[in-house]
Amino acid sequence: MKEKPVEKSESVGMPGGLIPVEHWRVPETSVRRSLKDSFRHALAQIGAGVVTDKETFESLDNLPELSVEQLESFAPRPDFLELAGTLSGALEESMSNDLVCHGVTLLVAPPFSGIRPTLECFPQIESQHNGGAKQWSLIVPPENLLLDDQGAREWWDRQDLSRPWVIPELADFWLRHLSGLTLVRELLRRVAAGGLAPGVIGCSSWCWQFWSSYLDDAPFAPVTTSPMGAAELGAWFESLAGGGSNKLIIARMADDGLWVLPMADESDWKKRKHSGFLRDLASVARGNPGVALAIWRRALRVRPEEETDTKESGEVSGNSGGVARVWVVPFDQLGLPTVPQSKGDNIGLLLHALLLHDGLDISSLQLVTGVAEHEMGFVLARLARLELIEFEATDASWRITAHGYPSIRRHLQSWGFPVDAF
Amino acid sequence: MGDLGIREAFSAITSQALLESLLVVLLATGLTIAIQKLFPRIAGKLGGKPRLYILASVPLLRLVIIVLTIIIVVPILVEPSFENMVAIFGALGLALGFAFKDYANSLIAGIVTLYEMPYRPGDWIEVDGQYGEVRSIGTRAAELVTPDDTVVVIPHSKLWASLIANANDGTDNLMCVAEFNLEPHHDVSRVMSLLRDVAYTCPLTRTFRPVVVVVSNKPWGMCYRLKAYPVELKDQFRFISELTAKGANALASEGVSFVSVPVAGTR
Numbered sequence: 008m009k010e011k012p013v014e015k016s017e018s019v020g021m022p023g024g025l026i027p028v029e030h031w032r033v034p035e036t037s038v039r040r041s042l043k044d045s046f047r048h049a050l051a052q053i054g055a056g057v058v059t060d061k062e063t064f065e066s067l068d069n070l071p072e073l074s075v076e077q078l079e080s081f082a083p084r085p086d087f088l089e090l091a092g093t094l095s096g097a098l099e100e101s102m103s104n105d106l107v108c109h110g111v112t113l114l115v116a117p118p119f120s121g122i123r124p125t126l127e128c129f130p131q132i133e134s135q136h137n138g139g140a141k142q143w144s145l146i147v148p149p150e151n152l153l154l155d156d157q158g159a160r161e162w163w164d165r166q167d168l169s170r171p172w173v174i175p176e177l178a179d180f181w182l183r184h185l186s187g188l189t190l191v192r193e194l195l196r197r198v199a200a201g202g203l204a205p206g207v208i209g210c211s212s213w214c215w216q217f218w219s220s221y222l223d224d225a226p227f228a229p230v231t232t233s234p235m236g237a238a239e240l241g242a243w244f245e246s247l248a249g250g251g252s253n254k255l256i257i258a259r260m261a262d263d264g265l266w267v268l269p270m271a272d273e274s275d276w277k278k279r280k281h282s283g284f285l286r287d288l289a290s291v292a293r294g295n296p297g298v299a300l301a302i303w304r305r306a307l308r309v310r311p312e313e314e315t316d317t318k319e320s321g322e323v324s325g326n327s328g329g330v331a332r333v334w335v336v337p338f339d340q341l342g343l344p345t346v347p348q349s350k351g352d353n354i355g356l357l358l359h360a361l362l363l364h365d366g367l368d369i370s371s372l373q374l375v376t377g378v379a380e381h382e383m384g385f386v387l388a389r390l391a392r393l394e395l396i397e398f399e400a401t402d403a404s405w406r407i408t409a410h411g412y413p414s415i416r417r418h419l420q421s422w423g424f425p426v427d428a429f
Numbered sequence: 405m406g407d408l409g410i411r412e413a414f415s416a417i418t419s420q421a422l423l424e425s426l427l428v429v430l431l432a433t434g435l436t437i438a439i440q441k442l443f444p445r446i447a448g449k450l451g452g453k454p455r456l457y458i459l460a461s462v463p464l465l466r467l468v469i470i471v472l473t474i475i476i477v478v479p480i481l482v483e484p485s486f487e488n489m490v491a492i493f494g495a496l497g498l499a500l501g502f503a504f505k506d507y508a509n510s511l512i513a514g515i516v517t518l519y520e521m522p523y524r525p526g527d528w529i530e531v532d533g534q535y536g537e538v539r540s541i542g543t544r545a546a547e548l549v550t551p552d553d554t555v556v557v558i559p560h561s562k563l564w565a566s567l568i569a570n571a572n573d574g575t576d577n578l579m580c581v582a583e584f585n586l587e588p589h590h591d592v593s594r595v596m597s598l599l600r601d602v603a604y605t606c607p608l609t610r611t612f613r614p615v616v617v618v619v620s621n622k623p624w625g626m627c628y629r630l631k632a633y634p635v636e637l638k639d640q641f642r643f644i645s646e647l648t649a650k651g652a653n654a655l656a657s658e659g660v661s662f663v664s665v666p667v668a669g670t671r
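Chains as they are written, first to last, in our numbering: chain Z, 8 to 429; chain D, 405 to 671.
Treat the hints as calculated values from the structure; they're not laboratory data. For every residue, glycine included, the Cβ atom is placed at its ideal position computed from N, Cα and C. Among the hints, a few may not be true.
Sample of chain Z residues lacking proximity to chain D, with all beta carbon distances greater than 12 Å (derived) [claimed, not checked]:
1) 38
2) 158
3) 425
Cβ-Cβ distance ranges computed for the label pairs, FRET-style [unchecked claim]:
4) Z:39 with D:446: 39 to 49 Å
5) D:468 with Z:368: 53 to 63 Å
6) D:479 with Z:50: 37 to 47 Å
7) Z:389 with D:446: 19 to 29 Å
8) Z:342 with D:568: 41 to 51 Å
9) Z:157 with D:661: 18 to 28 Å
10) Z:157 with D:589: 17 to 27 Å
11) Z:340 with D:479: 26 to 36 Å
12) Z:78 with D:434: 50 to 60 Å
13) D:557 with Z:392: 17 to 27 Å
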């Protein structure tokens with residue numbers, strides 16, 4: 008299959024458009040940052056068990072954090088409906104670039120890159136643009152994922168795959184259990200056989216790591232979103248803070264006052280000294296926009312005097328005359344959560360299972376890991392205290408947190424677990 | 405040269421030279437002990453390749469320290485002239501050749517071990533029927549810890565004549581095999597596919613390494629060998645147990661039975 012970049016989109020939310028998975032590269036970083044990260048990781052491992060009673064997350068700086076309103080104003084979450092429109096355009100391009108298997112696009116992306124919520128918006132955008140003529144059919148998984156081959160065939164027979172269809176997250180359709188593989192196996196068999204209407208399968212990179220190993224001869228050419236480097240992240244953060252208007256955000260380092268945003272341009276590079284924060288952020292987040300945004304939101308601070316001023320006036324702090332001013336905590340003082348070292352393997356097993364399935368409830372977690380329920384309770388509580396995982400009441404599932412993901416990925420890799428390619 | 409020139413070689417030794425060389429030897433010994441204690445501790449806290457690299461560096465560092473100590477101490481004690489060197493090493497060779505032949509044999513094999521690296525600390529090896537993890541590589545012998553927590557001391561001289569099987573060969577990949585002896589008259593391809601799924605669904609499996617099912621026909625039925633790699637080397641026995649237990653359950657649900665007659669000695 009021919010491999011070439013699909014599209015060079017001008018979209019801020021999806022710079023670079025879609026690319027074949029093999030073309031993905033981690034953003035460049037400074038040698039200093041690489042050495043620092045490696046040293047910290049080694050220290051964290053060697054220091055196992057040294058600090059056991061003080062594991063709760065704490066920030067290492069003493070500047071006031073942003074309120075919820077401020078966060079939503081300065082670093083809001085992206086508009087996934089808008090992203091869905093951009094992605095839809097990029098997918099149409101990919102369909103004409105030999106990057107689909109019998110009309111079906113496999114979109115593989117690391118966790119938190121926003122593919123799931125974007126694909127979940129697909130039925131809305133198509134109905135808006137095409138008056139319902141080419142409305143996407145959203146395929147949702149059954150309650151019970153433990154089916155035999157016959158059961159899986161019958162379930163897929165009942166799904167409407169005769170018109171454009173979309174699966175926001177393939178990881179929802181399987182469990183790492185002997186009876187939990189049938190639905191995905193049957194779907195991928197049907198896709199490979201052809202004859203289905205055009206479709207899009209969103210798939211977590213961890214889930215795809217498993218299935219690409221399991222189906223080593225599978226004729227799929229997955230595409231992914233381009234990684235975001237420092238420049239792309241800067242532009243994205245500016246556009247998010249702007250919220251579609253001309254609002255400007257000014258972000259400077261809290262320790263030395265170097266500029267983070269607005270990004271440097273040719274006209275002012277002599278006047279302002281810019282910090283390497285965004286480059287470090289892109290590297291730590293491995294180009295993953297969701298992870299970068301989560302860390303960015305955690306790094307923003309307001310000036311103490313501004314906080315007191317706005318408490319009195321009732322305005323959103325740091326926001327005056329269409330210009331938002333914020334301070335950015337240096338990486339070293341950010342204190343991102345790190346994975347604890349443990350004598351047992353349960354922490355690794357649970358974290359890996361949560362990533363493979365993009366979140367699981369307790370019973371499914373027990374089914375796929377084989378960890379006893381009482382042990383699991385202890386481990387989950389510990390990981391939640393460290394802000395590495397969180398419980399989502401809407402579907403009663405445990406999920407990895409975006410700001411804990413870099414540490415989790417690194418530790419799983421050093422423990423020998425299969426990790427994704429991103 | 406009735407005494408091989410040893411007396412002349414050591415005639416210039418003063419008490420100060422002896423003290424200096426003793427100090428150097430003590431320092432070197434202290435450093436070696438510190439490395440031998442500290443490095444395995446650090447390695448124990450790390451996983452994967454870093455652990456193996458740190459463990460493998462211990463004997464190499466010790467060798468470097470020994471060589472450096474000799475290089476420093478000899479000129480302190482004797483004048484390093486050609487005659488003196490011939491005298492000292494000649495006498496040393498004679499002593500080792502006659503009195504400590506086996507010991508010298510192991511010492512030399514120990515140096516060869518560091519160069520050829522048939523096993524390193526952290527490797528899982530089998531020598532003369534003893535399987536276990538190499539805990540340390542000493543000057544004369546290597547220490548092996550068996551799965552039953554028994555320490556086996558293996559002289560390096562075994563290197564010359566014994567077959568040494570290394571299961572992971574310095575890497576963190578170690579293939580494990582779970583064996584299933586089943587009664588005949590079943591769907592072989594179905595069982596092979598089932599056993600493959602057993603390995604892939606085991607949470608301890610390294611899915612980026614190959615999973616292979618091999619079947620052979622035996623007088624008592626069909627012998628299946630499920631081969632896969634565990635996440636960590638130390639998990640190998642737990643991994644094999646899980647594969648066996650999960651495989652047995654899956655086969656039972658498919659109505660495939662294990663052979664019920666003893667098979668020992670018939671292969």
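Here is how each hint holds up against the structure:
1. 38: Correct as stated: the minimum Cβ-Cβ distance to chain D is 19 Å, above 12 Å.
2. 158: Residue 158 of chain Z clear of chain D: closest Cβ-Cβ about 15 Å, beyond 12 Å.
3. 425: At roughly 5 Å from the nearest Cβ of chain D, residue 425 of chain Z sits no farther out than 12 Å, so the non-interface label is violated.
4. Z:39 with D:446: 39 to 49 Å: Given range 39 to 49 Å: violated, Cβ gap about 24 Å.
5. D:468 with Z:368: 53 to 63 Å: 55 Å, holds
6. D:479 with Z:50: 37 to 47 Å: 40 Å, holds
7. Z:389 with D:446: 19 to 29 Å: 24 Å, holds
8. Z:342 with D:568: 41 to 51 Å: Since the Cβ atoms of residue 342 of chain Z and residue 568 of chain D sit about 48 Å apart, the hinted range of 41 to 51 Å holds.
9. Z:157 with D:661: 18 to 28 Å: Holds - the Cβ-Cβ distance for residue 157 of chain Z and residue 661 of chain D, about 24 Å, lies within 18 to 28 Å.
10. Z:157 with D:589: 17 to 27 Å: 24 Å, holds
11. Z:340 with D:479: 26 to 36 Å: Between residue 340 of chain Z and residue 479 of chain D, where Cβ atoms are some 53 Å apart, the hint is violated.
12. Z:78 with D:434: 50 to 60 Å: About 56 Å separates the Cβ atoms of residue 78 of chain Z and residue 434 of chain D, which means 50 to 60 Å holds.
13. D:557 with Z:392: 17 to 27 Å: Violated, since residue 557 of chain D and residue 392 of chain Z (Cβ atoms, about 45 Å apart) do not stay within the stated range.
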